Amino acid sequence: MKSQLIIQSSSITLRPLTLEDQNALYALSQQPEITDILPEWRMTEKQLHGFLQFVIGSYEQFDPNDVRVMLAVVHNKDQQIIGWCGVFPNDMLDGDDREVAYAISRDYRNKGYITEAVNALTTYLFDNTFLDRIVGIVKPFNQPSSKVLEHAGFRHVSRRKLSDQAEYDYFERHKVQPVPTSSPGLQSQIQLRRARQEDAEVLTEICTRAFDHAIRIWAKGGPVLDSNICPPGYSSVRMHSYVIREWDYYVIEWDGCAIGGVSVNVLGSKHARLDKIFIDPVCHGRGIGSQVIRLIEAKFPEIGIWKLETSGRQRNNHHFYEKMGYICLYASEDEFGYEKTITTESIVQLPSEELSNVKGESVNEFYQADLDSVRFSTSNLQHIRMTDCNLSGGKFTNLNMTGILLADLRLTDSKVEFCALDGVHFQDTHLGPDRVPIRWEHCDLKGSRFTSCDLSDVQLEQCEIAGMKINGVAIEELLAAYESMKAKI
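Note that our numbering has the sequence shown beginning at 20, numbered continuously upward.
Since the hints were made in silico from the structure, they are not lab data. What you are looking at is a predicted structure, and each value in this text was computed from that prediction instead of being measured. Wrong hints could be hidden among the right ones.
Said to hold, decoys possible - Okay, derived cross-link-like pairs now, EDC-like style, lysine to aspartate or glutamate, Cα gap no bigger than 16 Å in a straight line: (1) K166 - D82; (2) K166 - D274; (3) K158 - D146; (4) K326 - D267.
Stated by the list, open to error - Pair ranges (Cβ atoms, derived): (5) E460 - T54: 30 to 38 Å; (6) G344 - N95: 35 to 43 Å; (7) Q99 - P456: 33 to 41 Å.
We treat Cβ as the ideally placed atom computed from N, Cα and C, and that holds for glycine.
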C-alpha cells in the first residue's frame with residue numbers, strides 16, 4: 020500500500036516518510052511555533068527515530084477499515100519537507116472517530132499549503148477508504164488552525180470539553196452525499212456576503228481547488244482545453260483582489276464558512292453577466308449552485324437579462340444552467356453562451372440592424388447593438404464603459420484617455436502607436452495563451468520601472484540605456500563587469 024500513498028496536489032505532494040527524513044522532521048520539532056501547540060513533538064533525536072520507524076512500518080499495514088496514516092508534506096517547487104499531515108484515532112474522542120492532525124514550518128505559513136494538504140488527504144481517504152467522516156479538534160485560541168479546517172471544507176459543530184478537561188472547537192467533514200436542492204435546511208444555511216479585500220486569499224484558495232479539480236476531470240492529464248475550464252488568473256490573489264475592487268464579488272458561505280465565490284459584471288441598468296461561480300469540490304453535489312443562482316438573482320432584482328459562458332466540454336454545466344432557466348444562444352467545441360430573461364418588467368433589447376439607445380436617468384446604454392464601422396469624432400466619451408464588446412479592427416486615434424481603466428481584455432495583435440503613456444500603469448498583464456511577444460519600437464520609456472515582471476528572453480537592440488538599473492545595479496557596471504570577465508577568458 021505504501022506506493023499508493025502518494026497524493027499529488029497543485030503546490031504540495033503528500034508522500035510516505037522515510038528514515039532519510041529524520042533531519043527534516045527534527046528541524047520541525049525544534050520550532051516553538053509547532054511544539055507550543057503540539058508539546059508531544061518535543062522529542063529527542065532518539066525518540067524521533069523510534070517514532071519514525073513506527074510510522075514507516077505502518078504503511079504496509081494500511082487498512083481502509085481502520086485508517087491510521089501520517090504523511091510528509093513536500094513543497095513541489097522547493098522539494099523540501101515543510102510539514103506533515105495525518106489522520107488517526109485520538110484517545111479523547113470516540114473509538115470510531117478519526118482526527119486530522121497537521122503541522123507546517125514557520126517559513127511556509129500563510130500561503131495555503133497546509134490547507135491544501137488537509138484537503139488533499141481527506142479527499143483521498145474519502146475516495147479510497149471506508150471513512151465517511153473525519154473530525155478536527157482545535158484549542159479556541161488557535162484561530163489559524165481553525166481557519167485551515169474551515170478552508171479545507173470542515174464545518175464547526177460545537178465547542179466541547181474533552182477528557183483532558185480542556186475546551187476544544189470540534190469540526191467535522193463528511194463524505195459528500197447528494198442533498199435535494201429543495202432542502203429547506205440547506206437553503207437557510209447558504210448565504211452570500213459581499214467580498215472584502217481580506218477575502219482575496221481565501222477566495223483564491225477555493226477557486227484554485229475548484230478549477231484544478233475541473234482541469235483534472237476534463238483535461239485528463241493533457242493540455243488545458245479552454246479558458247472556461249482554466250480561466251486566466253483563477254489562482255492569482257491579485258486577480259481576485261482586482262475583481263473584488265472593480266466588480267460585484269460575493270463570498271458563498273455555508274453556516275458562516277466560506278465555500279466558494281460568485282462574481283457579477285453589471286453591463287447596464289437591466290443587463291448583467293454571471294462571470295464566475297465556483298464551489299469547493301468537497302461541497303459539490305449538494306444543490307448549492309442552484310441556491311447561489313437564486314440568491315444572486317435576488318441581489319439584483321433590477322436585472323432582466325443574465326448572460327454567461329461555460330466550457331463546451333462540461334456537459335454537466337449545460338444541464339445545470341438549462342435547469343436554472345438559461346437558454347443556449349451559441350455553441351462551439353470550446354464555449355457555450357447562455358442567456359436568461361427574467362420578465363419582471365419590460366426589457367428593451369436593441370435591434371442589431373440599427374443604432375438605438377436606451378435612455379436611463381443619467382446614461383445612454385447600447386445593448387447588442389451593431390456598431391460595425393461606426394465613427395466617433397470630436398465627441399464627449401467621458402466615463403464611457405465598454406464590456407463584452409468586439410473591438411477587432413477598431414482604430415483609436417487622437418484621444419484623451421486620461422484616467423481610463425483597461426482591464427480583463429484581450430489585445431492580441433493590437434497596435435499602440437504615437438501615444439503619450441505618461442503615468443500609465445501596466446499591472447498583471449500577460450502575453451495570452453499563444454505567448455506572442457510584445458514589440459516596442461521607437462518608444463520613449465525613460466524613467467519607467469519594471470517590478471516583479473517576467474522579462475525572460477527580452478531583447479534590447481539599439482536602445483538608449485544610460486542610467487538603467489537592474490535590481491539596483493547600474494547597467495554600466497554590469498556591462499563593465501561582463502567586459503572584464505571576457506578579457507580574462
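Hint-by-hint comparison with the structure:
1. K166 - D82: violated (30 Å)
2. K166 - D274: holds (14 Å)
3. K158 - D146: Judged against 16 Å, a Cα distance of about 29 Å means the pair is violated.
4. K326 - D267: At roughly 15 Å apart (the allowed maximum being 16 Å), D267 and K326 satisfy the hint.
5. E460 - T54: 30 to 38 Å: Once the Cβ atoms are compared, 60 Å apart, the range 30 to 38 Å for T54 and E460 is violated.
6. G344 - N95: 35 to 43 Å: holds (42 Å)
7. Q99 - P456: 33 to 41 Å: holds (34 Å)
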